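Undergrad: Residue numbers (our numbering), protein chains in the order written: chain A, 303 to 600; chain B, 23 to 313.
In short, the hints are calculated from the structure, not lab data. It should be emphasised that the depicted structure is a prediction, and the values quoted were computed from it without experimental measurement. Some hints could be false.
[Stated by the list, open to error] No more than 27 angstroms apart at the CA atoms, straight line, and that leaves these computed lysine-lysine pairs for DSS-like:
hint : chain 1 : residue 1 : chain 2 : residue 2
1    : B       : K229      : B       : K142
2    : B       : K259      : B       : K107
3    : B       : K89       : B       : K107
4    : A       : K332      : A       : K342
5    : A       : K505      : B       : K101
6    : B       : K259      : A       : K332
7    : A       : K427      : B       : K107
8    : A       : K384      : A       : K497
9    : B       : K229      : B       : K101
10   : A       : K384      : A       : K505
11   : A       : K384      : B       : K47
12   : A       : K497      : B       : K47
So you can see what is in the structure, the chains are spelled out below.
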Amino acid sequence: MFLFPSLLILFPFFIFPIFYALQLSLWGGKRNMGTFVGLKNYIFAFQNPMFWQSLQVTLYYAMITIPATLLLGFTFAYFLAKIIRARTFLRILFFVPYVTSTVAVAMVWRIFYNPQLGLFNYILKTLGLPVQQWLLEPRGVLNIITGGAIDPHYGPSLALVCISLFDIWHTFGFAVVVFLAGMSTLPQEYYESAKIDGANPWKILLHIELPLLSPTWLFLITVQSIRSLQSFSSFYALSPASGRTLGTTENLMLHIYSQFYEYGYWGYGSAVAILLSIFIMLLTYIQWQWARRYVFYQ
Amino acid sequence: MFFINSTLEKKGYNIHYDLSRYVWKGVIYFILFVFGFFVSFPFLWMVTSSLKTLEEATTPSLWLFPKQWQWENWIYIFKFAPFGKYFFNSFFVAGTVTFFVCINSLLAGYAFARLRFFGKNVIFALVMATMMVPFEAVLIPNFILISRLGWYNTYFALIFPWCANAFSILMLRQAFMTIPNDYYESAQIDGCSHISFLIHLAIPFVKPALITVALFSFLNSYNSLLWPLIVTADETKRVVQVGLTVFSGDAGVRVNLLMTASTLVALPTIIIYLIAQRYFFQESIRVGLKG
Numbered sequence: 303m304f305l306f307p308s309l310l311i312l313f314p315f316f317i318f319p320i321f322y323a324l325q326l327s328l329w330g331g332k333r334n335m336g337t338f339v340g341l342k343n344y345i346f347a348f349q350n351p352m353f354w355q356s357l358q359v360t361l362y363y364a365m366i367t368i369p370a371t372l373l374l375g376f377t378f379a380y381f382l383a384k385i386i387r388a389r390t391f392l393r394i395l396f397f398v399p400y401v402t403s404t405v406a407v408a409m410v411w412r413i414f415y416n417p418q419l420g421l422f423n424y425i426l427k428t429l430g431l432p433v434q435q436w437l438l439e440p441r442g443v444l445n446i447i448t449g450g451a452i453d454p455h456y457g458p459s460l461a462l463v464c465i466s467l468f469d470i471w472h473t474f475g476f477a478v479v480v481f482l483a484g485m486s487t488l489p490q491e492y493y494e495s496a497k498i499d500g501a502n503p504w505k506i507l508l509h510i511e512l513p514l515l516s517p518t519w520l521f522l523i524t525v526q527s528i529r530s531l532q533s534f535s536s537f538y539a540l541s542p543a544s545g546r547t548l549g550t551t552e553n554l555m556l557h558i559y560s561q562f563y564e565y566g567y568w569g570y571g572s573a574v575a576i577l578l579s580i581f582i583m584l585l586t587y588i589q590w591q592w593a594r595r596y597v598f599y600q
Numbered sequence: 023m024f025f026i027n028s029t030l031e032k033k034g035y036n037i038h039y040d041l042s043r044y045v046w047k048g049v050i051y052f053i054l055f056v057f058g059f060f061v062s063f064p065f066l067w068m069v070t071s072s073l074k075t076l077e078e079a080t081t082p083s084l085w086l087f088p089k090q091w092q093w094e095n096w097i098y099i100f101k102f103a104p105f106g107k108y109f110f111n112s113f114f115v116a117g118t119v120t121f122f123v124c125i126n127s128l129l130a131g132y133a134f135a136r137l138r139f140f141g142k143n144v145i146f147a148l149v150m151a152t153m154m155v156p157f158e159a160v161l162i163p164n165f166i167l168i169s170r171l172g173w174y175n176t177y178f179a180l181i182f183p184w185c186a187n188a189f190s191i192l193m194l195r196q197a198f199m200t201i202p203n204d205y206y207e208s209a210q211i212d213g214c215s216h217i218s219f220l221i222h223l224a225i226p227f228v229k230p231a232l233i234t235v236a237l238f239s240f241l242n243s244y245n246s247l248l249w250p251l252i253v254t255a256d257e258t259k260r261v262v263q264v265g266l267t268v269f270s271g272d273a274g275v276r277v278n279l280l281m282t283a284s285t286l287v288a289l290p291t292i293i294i295y296l297i298a299q300r301y302f303f304q305e306s307i308r309v310g311l312k313g
């Protein structure tokens, strides 16, 4: 039978585990199934300040990285679409970070952020500005910028912004390539007729390119939301292992990983994983519902 | 000349407009190249730092070129940490995964595209549904399953769960669907079995899709971190991604050696990408248009 080998893998490792995870989340034990505890794991999650903090970290991260990646991606795809020479070269260049192993390039950024050896503090020192602790800084970035006027617990920590910056650099190339592909499918006649009608490039961008590219925007928003909410490698590689910058760089995936793998709480880890999965599915569903009203298909 | 100018003017162009267009082009090129330099800077810094002495690498500087080129860093790294073993593990795991993904998706894709059997639509829907399963939801159950099977810290644990995926099956199914029915019917009349039709006719037909599947499964496997992190326990089964995170703790301030390791880990992905970049862009175009 042709299908047998694939089903042999997909059923035990992708379909069966969903039900097993639901079951696990209702049981409590340390490195074993333990005893049936009902919804206690979920109740504990909602009472656990670390759960709320990691959810907050995950949401801050998504709110920083998604708009930044898409705007950068769109801007540079727009510029690339306007030139002919060196377009292929630059497109290849912008896409390189995206295909490279996250861990390998995260190591470079970790050294850039190092308070003693790093380039960021070197540049700040050269410019005569106060040096920063970067990945080790739990204070809110708004607190630092305003010189202490805003409460340090308010907003994302500087350390989280550092991880976000790395991620923006790492993924914006994907957005460039997808936008560029979207732009290349736009019918040339629209541009021609707009030019004849005397539309300037700004008007063409606003009234032709943006509405026609709305399916591409939707696709990228969906993909990047899922990706950023599930982000693990950049957090694991950049978040300081001791204390996770007072928890301000522990996102939900790191929270699940440490609770399940380092502390051995299988039930609690499964419960948080299921909550995250439900959240992602709901968000995707809402985005698609919203898109049905606003996205324009040719 | 007069004639050309007047036709251009009729179309709404004029010389001044053209001049400002050239200036704009220049500005766009300038922004693009400056930005391109910033994007590539971490890579340049990574490679050149890997060739610096310890003293030079730990002195922060924007100057990229090493005073003395320390090529021996690239050899020393294999003695300092078991990177030889890590690389062997990574390539062995990624290679095996790629091989089986190709075989399994060819068979399953062909079955979904060409064969008729009981419950085909239900099975196909189930297989496609696995694409929606978030990885974190099945992580813990899969870890427990692997432990129960006694596969913890073995190559089986690293390879087996990744030997089939819905996305590759879908890609090859779509590719098989494009083969005209006549080919298949005439092959059947000639007494050609499904297997020999698949090997002799269908595979050459779907070669671009197959190459894309192979590239993506190799890179996904090579770049994965979370799964190898939880199913391996010691350096005999550790892959490079995990090895590098462990090494970053051991390396301390040896920035040059850490950068050597990072360069070596990043190099295979960059080489594969540069050779096969055509397939990467085709894929993202296809995926991008699906939205």
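Undergrad: Against each hint, give a clear statement of whether it holds in the structure.
TA: Against the structure, the hints:
no. : hint             : in the structure
1   : B/K229 to B/K142 : holds, 25 angstroms
2   : B/K259 to B/K107 : holds, 8 angstroms
3   : B/K89 to B/K107  : violated, 31 angstroms
4   : A/K332 to A/K342 : holds, 15 angstroms
5   : A/K505 to B/K101 : violated, 61 angstroms
6   : B/K259 to A/K332 : holds, 25 angstroms
7   : A/K427 to B/K107 : violated, 41 angstroms
8   : A/K384 to A/K497 : holds, 15 angstroms
9   : B/K229 to B/K101 : violated, 41 angstroms
10  : A/K384 to A/K505 : holds, 15 angstroms
11  : A/K384 to B/K47  : holds, 8 angstroms
12  : A/K497 to B/K47  : holds, 18 angstroms
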